[in-house]
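Novice: Read off the chains here:
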Amino acid sequence: MNREQQAVLELKQIHKSFAAAGGRLKVLAGLSLRLYHGEIVALVGPSGCGKTTLLNIIAGQLRVDRGELDKSPELRTAYVFQEPRLLPWKTVEANIALVQQNFLTSDEARDFRSRLLEETGLAAYKDAYPLQLSGGQRQRLELVRALAVRPQLLLMDEPFQSVDLALRHQLQKLVLDEQTSEQFSILLVTHSPEEAVLLADRVLILSDKPAVILREITISTPRPNRSYKNEEIALISEEILRAGVGS
Amino acid sequence: MRNSIFTKAAISAAGILAVLALWQALAAKYPPLILPSPVETLEALVELWQSGRLWANSLITFQRTLAGFGLAFLAGIAVALTLHAFSFCRWMLQPLITIVQIIPPVVWIILAVIWFGVAKDTTVIFLVFVVTFPVVFINVFSGFGGIDAKLVEMAEVYRCSPAQVIIHVYLPSLLPHLVSAASVGLAFAWKSAVFAEFIGSSSGVGFALSMAYSNLETEKVFAWTVILIVVMFAFEYGVLGAAKRRATRWVHHE
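Heads up: the sequence lines are chains P and G, in that order.
For the first sequence, numbering that gives the first Met the number 0 gives the first residue as 0, with consecutive numbering after it.
For the second sequence, numbering that gives the first Met the number 0 gives the first residue as 0, with consecutive numbering after it.
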């Protein structure tokens, strides 16, 4: 990955707290990060440390208390939510088409949509409603919708947490393939050290809340060689586990 | 599936036949003034039909019901939207709406006659409005509470405009509540229209009922009741049934 490239996103000294019983709950305390064009960054850290809050700030759903968020308003952002957020009254295809129309021409949208539905095995379900799908199918649709807008920035919040292992690997591969051909940037929140070392160029380990970045690890091993037999990957995985991820 | 529908219909029909048989048996014991028989009721229906009064009165009641209910429906949605959007309105108006709902309809009809006079359409329309407005409001307002904020957020992340959010998120979430508001509200609307006409009007089904009552024509009271039942059934199962299935197609779709 070329590090000289431009940052698509930069957070400078972000502070965020929420009203809570007996005062304010500090979630982010002076967090800074930079995400480069075409880069995949994994955010790992203890449960409830503010990772989702961070994604919501970047997605424009939350305002920061203090600090600066540098992001072009034109940056086309897609978000894979932790629990699929599908419109139950729209068919599989209509769920995707609705968000596509804000970004793509109808021909481009249709081509992209059909290809992604085909690749994820959802083509046969394009006229079904979300309530008729299995949990795994809904998660796939959530991902397809995000990829189908041809994003420049893809935010993913533990996207494959509730799908089985085989499907998880299939979807991870789909994300990597799309990212390779479209060269978008990804910010991935995950609990899984395995997922982090498999997908990311960089892993950021966050502290317990209020969250700051404890450690930044750049992974140099090329993706095809990333297995636990590889020494670097094994060491990084161990380090992520030690940081209390998933606890 | 098909079988069970037929079975249900057969059981319902059997129930209605049993009531008719009981009615006929009891009517044989009492004079028509107390309890007219099904046949006498049918004769009264035919007579009303032939005299043209059946249509004329039904149409008037129908129009008043729809006018009052239509206004209540629009006002209920508008007020629910306002209260949803501005919380200070909520604290101010919600107790008032509860008060409107608590006041018995008979008080409203007295006031309506005093304010608008006897034999005015306004009197009937007003009562229908006052009785059905809280019903519509409560259904629609609870519908706003049921809108999933996470879906709205999703739509905003994907740059949906406020108009898109309203059309694709708000309206479909509200639709089942609007249909249920129409269903419950219309049932109240018919009853209050007839009640208002009974007390303070010189036309409509309610007025015809009051004439039949004064003239001791019990069979006509029964005949008008049959008409009201038929109209309400047709509305509930025809128009609203179709709307209900449409509104929740995505739940039952197989």
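Among the clues, some could well be false.
[As the list claims (entries may be wrong)] Think about it this way: if two alpha-carbon atoms lie no more than 27 Å apart in a straight line, the pair counts; the simulated BS3-like pairs of lysine-lysine are:
id, chain 1, residue 1, chain 2, residue 2
1, P, Lys-125, G, Lys-149
2, G, Lys-190, P, Lys-25
3, G, Lys-243, G, Lys-149
4, P, Lys-125, P, Lys-89
5, G, Lys-243, P, Lys-125
6, P, Lys-70, G, Lys-149
7, P, Lys-89, G, Lys-190
8, G, Lys-243, G, Lys-7
9, P, Lys-25, P, Lys-70
10, G, Lys-190, G, Lys-119
11, P, Lys-25, P, Lys-11
12, P, Lys-89, P, Lys-11
13, P, Lys-89, G, Lys-149
14, P, Lys-89, P, Lys-25
15, G, Lys-190, G, Lys-243
16, P, Lys-125, P, Lys-70
[Stated by the list, open to error] Partial list, computed: chain G residues near chain P (C-beta under 10 Å):
id, residue
17, Ala-20
18, Gln-23
19, Asp-147
20, Cys-159
21, His-167
22, Val-168
23, Ser-172
24, Leu-174
25, Arg-248
26, Val-250
Calculated directly from the structure, the hints in this document are not laboratory data.
Quick caveat: nothing in here was measured; it's all calculated off a predicted structure.
Just so it is clear, CB atoms sit at the ideal spot from N, CA and C, and this is done for glycine as well.
Novice: It remains to establish, for every hint, whether it holds in the given structure.
Specialist: Each hint, compared with the structure:
1. Lys-125(P) with Lys-149(G): Given that 27 Å is the threshold and the Cα spacing comes to 23 Å, the pair holds.
2. Lys-190(G) with Lys-25(P): violated (57 Å)
3. Lys-243(G) with Lys-149(G): Holds, at roughly 25 Å.
4. Lys-125(P) with Lys-89(P): holds (10 Å)
5. Lys-243(G) with Lys-125(P): Measuring from Cα to Cα gives roughly 24 Å; hence the hint holds.
6. Lys-70(P) with Lys-149(G): holds (23 Å)
7. Lys-89(P) with Lys-190(G): violated (37 Å)
8. Lys-243(G) with Lys-7(G): Holds. Lys-243(G) to Lys-7(G) sits at ~20 Å (cutoff 27 Å).
9. Lys-25(P) with Lys-70(P): holds (24 Å)
10. Lys-190(G) with Lys-119(G): holds (18 Å)
11. Lys-25(P) with Lys-11(P): holds (17 Å)
12. Lys-89(P) with Lys-11(P): Violated: Lys-89(P) and Lys-11(P) sit about 39 Å apart, past 27 Å.
13. Lys-89(P) with Lys-149(G): holds (16 Å)
14. Lys-89(P) with Lys-25(P): violated (38 Å)
15. Lys-190(G) with Lys-243(G): holds (22 Å)
16. Lys-125(P) with Lys-70(P): violated (34 Å)
17. Ala-20: violated (45 Å)
18. Gln-23: violated (49 Å)
19. Asp-147: holds (8 Å)
20. Cys-159: At about 7 Å, which falls below the 10 Å cut-off, the nearest Cβ of chain P leaves the hint on Cys-159(G) intact, so it holds.
21. His-167: holds (6 Å)
22. Val-168: holds (7 Å)
23. Ser-172: holds (8 Å)
24. Leu-174: holds (8 Å)
25. Arg-248: holds (8 Å)
26. Val-250: holds (6 Å)
The structure fails hints 2, 7, 12, 14, 16, 17, 18 (numbered hints given earlier, in ascending order).
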